[in-house]
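Residue numbers (my numbering), protein chains in the order written: chain A, 503 to 586; chain B, 503 to 586; chain C, -16 to 143; chain D, -16 to 143.
Because the hints were derived from the structure by calculation, they are not lab data. Built from N, CA and C at the ideal position, the CB exists for glycine as well. Do not rely on the hints blindly, as some may be mistaken.
Just a few of them, taken from the derived set where beta-carbon distance is under 8 angstroms, the chain C residues facing chain D [what the hints assert, rightly or not]: (1) 3; (2) 9; (3) 15; (4) 44; (5) 45; (6) 48; (7) 79; (8) 100; (9) 103.
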Amino acid sequence: MNVRILFFAGLREALGTGSESLALPAGIATVGALRDHLAARGEPWTALATTKNLRAAVNQQMLGLDAAVKAGDEVAFFPPVTGG
Amino acid sequence: MNVRILFFAGLREALGTGSESLALPAGIATVGALRDHLAARGEPWTALATTKNLRAAVNQQMLGLDAAVKAGDEVAFFPPVTGG
Amino acid sequence: MSVSVQQADFDAGAEIAALAAGRDEVGAVASFVGLVRADKSAAGVGAGDSAVQAMTLEHYPGMTEKALTAIVDEARGRWDIYGVRVIHRIGRLLPGDRIVFVAVASAHRGEAFAACEFIMDYLKTRAPFWKKEETPAGGRWVDAREGDDHAAGRWATDGD
Amino acid sequence: MSVSVQQADFDAGAEIAALAAGRDEVGAVASFVGLVRADKSAAGVGAGDSAVQAMTLEHYPGMTEKALTAIVDEARGRWDIYGVRVIHRIGRLLPGDRIVFVAVASAHRGEAFAACEFIMDYLKTRAPFWKKEETPAGGRWVDAREGDDHAAGRWATDGD
Chain A
503 MNVRILFFAG LREALGTGSE SLALPAGIAT VGALRDHLAA RGEPWTALAT
553 TKNLRAAVNQ QMLGLDAAVK AGDEVAFFPP VTGG
Chain B
503 MNVRILFFAG LREALGTGSE SLALPAGIAT VGALRDHLAA RGEPWTALAT
553 TKNLRAAVNQ QMLGLDAAVK AGDEVAFFPP VTGG
Chain C
-16 MSVSVQQADF DAGAEIAALA AGRDEVGAVA SFVGLVRADK SAAGVGAGDS
34 AVQAMTLEHY PGMTEKALTA IVDEARGRWD IYGVRVIHRI GRLLPGDRIV
84 FVAVASAHRG EAFAACEFIM DYLKTRAPFW KKEETPAGGR WVDAREGDDH
134 AAGRWATDGD
Chain D
-16 MSVSVQQADF DAGAEIAALA AGRDEVGAVA SFVGLVRADK SAAGVGAGDS
34 AVQAMTLEHY PGMTEKALTA IVDEARGRWD IYGVRVIHRI GRLLPGDRIV
84 FVAVASAHRG EAFAACEFIM DYLKTRAPFW KKEETPAGGR WVDAREGDDH
134 AAGRWATDGD
């Protein structure tokens, strides 16, 4: 089972994609580790490391970078929200 | 020139009148002294002394019982307000 | 006209829209509607026959508008707000009827909320309105709530 | 339905009335309307060409409704409130357009105001919406305001 990854707003534009599906690599067990794994792909993925105050959600709940990730999860990365 | 005196709400009902015009008696120079002067008339005017947290306005501005009163003023007595 | 004392009902949506209309620096409108409650007498009587059947609002004509305008002016001095609307109804009202409306327009929500709540708190303690309730047990004047003095006191500053 | 995410505009007056309709224990409805400002870019650029010509609101479908519902539930746990309505628009909006509506019905104004402001503060920091502005200088994503984190932080309790 893959991890579904979503990107929003300025991050989505910087990456040129809104979503991808990924077989969770061995050893990746947290949101932060997943972020680092993606950013290590080089440009434009480094935006995941440079976005100020990057936020993340796991299964549609906002959580910190230390939150656990497992196969089958939906993980989203985005800049701080600006609604309202 | 007389002082115009107004009464509102429960106090108006207790006194049986909403207003009167009065030649300011000699020696009456404050709202509190005017209140005492009226209350000294006996029933039902004692309501002016017994109304809890009696409020007063001079020339349509809420002021304390120590506020000055002079001929020509409009003085109002009423219970605490309950609008809104 | 930012302050009205009237028997007629009001349209909160139209009033809110009017505060922002044509003013594109307005980013926030905070507002409040007060209504006649029927479930329990505001006079604080806990007994059975305390349901409010109707309410009559008395006021001090002439002073009322001045007091409301003074409260609005004080809010304008304290916060950077662009528009204020205050409507207070008088006369006989029924449960569920609207009594009072306060709305404040500003660039940001913090100032709009603070000024709106400030105006309501001051209105409750400084504007000359009095409520008389009709209940199955008869008519009675509503007692002022101590909490209202406390709420207004929150806003006191050294300069007051 | 207490939470809506929609492209369509809303009628604040009708929403306020609906919260109180047929519930005569409601004595207070506090509400908030947020609008698109044009006078200066929310992105914080002070230069001349910063007037906002339009704004597009992106969101995270599925999570958005959950996040708003969680915020409303938290408000219901903190205050004794009878009804809540939250509407957030998405898509392209013009200066002066309404963006967001929050209204809270309660017996008394203190709880209605507090819960309404709480919901707005949490919405600003926890609901997945993002604004992109169109200006004469081009499109740009709005930066989050530090003040919004501060506003939401005010409500933190030991139990959080």
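Verification of the supplied hints:
no., hint, in the structure
1, 3, "holds, 6 angstroms"
2, 9, "holds, 6 angstroms"
3, 15, "holds, 5 angstroms"
4, 44, "violated, 25 angstroms"
5, 45, "violated, 27 angstroms"
6, 48, "violated, 22 angstroms"
7, 79, "holds, 5 angstroms"
8, 100, "holds, 5 angstroms"
9, 103, "holds, 6 angstroms"
The structure does not agree with the numbered hints 4, 5, 6 stated previously, though it agrees with the rest.
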